[in-house]
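Participant: Chain by chain, the residues:
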Amino acid sequence: MNTNLSMNNIVDWTTTSDLVGNVKVDQVGVLDRVSSLATRSIKRESKLDALEKIVSMCDLTTLEGEDTEGKIIQMSSKAISPDPSDDNVPSAAAVCVYPALVSTAKKIVKDSNVKVASVSSYFPSGQAPIESKISDTQFAIDEGADEIDIVINRKAFFEGDYKKVYEEIKALKDVCGEIHLKTILEIGELKTYENIKKASVIALCAGSDFIKTSTGKISNGSSREACLIMARTVREFESYGYGIRGIKVAGGIRDAKDAIRYLVIINEELGGSWLSADYFRFGASSLLDDVLKQIKKLKTNAYQSSYYFPRG
Amino acid sequence: MTEVKKTYKHYVDGKFVRSESGKVYAIDLKKEKYEIPLTSKKDLRDAVTSSKAGFAKWNSLTMYNKSQILYRLSEMIEGNKESYISLLQQHGLTKNDSKNDVEDAVNTIIWYAGIVDKWEQLTGNLNPVAGDYFNISHQEPIGVTFSLSSDDISLNSLVKSFLPAMSVGCSVISFTNQNAVLALKLSEDINNSDFPSGSLNILTGNFENIVEDVGAHVEIRLAAIYSNISNDLLETLDVKGSDSVKRIVNLPSDEGLGSIIPFVETKTVWHPKGQ
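If you read the protein sequences in the order shown, they are chains A and B. Under the numbering used here, the final residue of the first sequence carries the number 316; numbering is consecutive throughout. Under the numbering used here, the final residue of the second sequence carries the number 556; numbering is consecutive throughout.
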């Protein structure tokens, strides 16, 4: 156990501040590595394994103002049994909803291994006082959420008040306790690789169990480059003895091909032990149907129609 | 002056593209020899993806707008009439036959442009039922279609292989072998007629190379075969097509209302009638 760790695997601020101060990213190296990993060819059998893994790592998500109980019930049922015509397809990892709909989702998935994740802390902007963020999070937990997805305070981040970003995440981790906390960096707003790395360091040090790329609410969603930087940060974090943390990529990952490329990055940067729903997730709404479509294609040898997989 | 020869390319998703395989086949005309892209399985799949998106765009236009776009195609051909006539002559037709063929093609297009906002009144129905309901047979386009055009050297036969499907709102992957130069030339006028990208795609090559994929691809809802193909090919298409629950129409009518019937699906709607 590292001496800088306190309760909830939180790294103290002095150490965090040192780590943030030393952040450097080799941009050319990142781009090169990502593009070379994208060309890895995946053979047919490995592809089927990869696709089924992706299903088991999916946080099936709907975060719209128009979400209704009916939509959540339908989505939760789909998460339990993504392809009713094929029992070999695993369940999704979780459903991800707004706090007010957690109890609805929980009712449907309670007897399955599908978890309920809730966004909180005034997702997606995070522009609210910490007291409100805490009560938002507490409400989601009281409703039965197994996992909490929060956003970092980008206002504080861009004002240079990294300590505030850290303290807020820490306070929310205190509320969560054993419940998994995923912290969204919103990389589309952070823009530079160094910012992404800094935010990753802060979020991990403050006790996040997962760092997540995006809210999916702005046009610049996830990117493989950001995933690589986050994976390397997670690897360094582990090498310092601060524990194993996970990554969730979300926002704009719509097809199976793209998703497999993310798996390759994780496999190459962090190793096969990260390729499980405990340490890697996809936040997705339309991705799942495309993956199901590709699984069916591999099994039947016929290209499938979105007529039967409506969101793919 | 240097003579510039044209490289004919496939027309997919509103763009002129080579076959991803890089393969070509030769078509010998009287004066020129052309190398035409040979469709690979991947080319077909790309065309299906584009047709899927194209269907949504084409079908969402009002029937008046669809009609205007089809009419514009006839205007484009009219403007380039001489070049079509000379191309047909290069294929071995007489000047008179070539001229008649282009004029027939223009007339065919205008007929289909005219039927766009009328066909449903002729094929749909208000059905008699014993109850206080309206029972309406509403007609819809079937979706993404594949069409193998006839090998007759004729612009008129060529347009007849995609107009019936287009006029009801389907998107079409039009495939041709011997008519390739004419079809790819036509794609330039199609491109100038305001069709939404992907609604009408033109591929060329050997049908044998892709018949299994046409049959098996679930996204293709209908295959219309306007050419005489061997029983073996037809059987392959039928067998593969039955797995994907595809409608397969061999040698459909290419004239009149009967030509568009294969491309529509009927949805029956019950609606209560006030007393």
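Since the hints were made in silico from the structure, they are not lab data. Here the structure is a predicted model, which is why all the values come from computation and not from measurement. Backbone N, C-alpha and C define an ideal beta-carbon position, used for all residues, glycine too. Hints may be right or wrong, so weigh each one.
For lysine-lysine, the following DSS-like pairs were computed, each having C-alpha atoms within a straight-line distance of at most 27 Å [as the list claims (entries may be wrong)]:
no., chain 1, residue 1, chain 2, residue 2
1, A, LYS51, B, LYS322
2, B, LYS399, A, LYS301
3, B, LYS322, B, LYS304
4, A, LYS303, B, LYS399
5, B, LYS338, B, LYS399
6, A, LYS261, B, LYS322
7, A, LYS75, B, LYS333
8, B, LYS323, A, LYS51
Not close to chain B: a few residues of chain A, all C-beta gaps over 10 Å, as computed [unchecked claim]:
no., residue
9, LYS159
10, SER223
11, GLU273
12, SER289
13, ASN305
14, ALA306
15, SER310
Participant: Of all the hints numbered above, which does this structure not satisfy? Sort the numbers upward.
Facilitator: 2, 4, 13, 14, 15
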